[in-house]
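Let's have the full structure, built from the sequences with the hints guiding it.
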Amino acid sequence: MDAPIPGSGYTVSWEATESLPTQDVGKLVDGSGLGGVEVRFFLVQQHVTSSKTYDWDHLALL
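Converting from the sequence shown to this note's numbering requires adding 11 to each position, the first position being numbered 1.
Rather than coming from a laboratory, the hints here were simulated on the basis of the structure. Any given hint might turn out to be false.
Just the calculated beta-carbon pair ranges, DEER-fashion [said to hold, decoys possible]:
no., residue 1, residue 2, range
1, Trp25, Tyr65, 17 to 23 Å
2, Glu29, Thr64, 15 to 21 Å
3, Gly47, Gly18, 33 to 39 Å
4, Ser19, Gly47, 30 to 36 Å
5, Pro15, Ala71, 17 to 23 Å
Here the structure is a predicted model, which means the values were calculated and not measured. In this text, a Cβ means the ideal position worked out from N, Cα and C, and glycines have one as well.
Structure representation (structure tokens):
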């Protein structure tokens, strides 16, 4: 999912993944192997085509 940050030139992007195959959930009744959902957040600078033009100073500030 992507959410533009108005007036900033950036987008916050996030994704959620479940690493455990659905068919294995019933086998792990004690919960010992359940890892849960992994969520990752990304800050994406819009209209950038290479790392050379990315605003690295702004990223370091964040």
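Taking the hints in turn, this is what the structure says about them:
| no. | hint | verdict |
| --- | --- | --- |
| 1 | Trp25 <-> Tyr65: 17 to 23 Å | holds, 19 Å |
| 2 | Glu29 <-> Thr64: 15 to 21 Å | violated, 35 Å |
| 3 | Gly47 <-> Gly18: 33 to 39 Å | holds, 35 Å |
| 4 | Ser19 <-> Gly47: 30 to 36 Å | holds, 31 Å |
| 5 | Pro15 <-> Ala71: 17 to 23 Å | holds, 22 Å |
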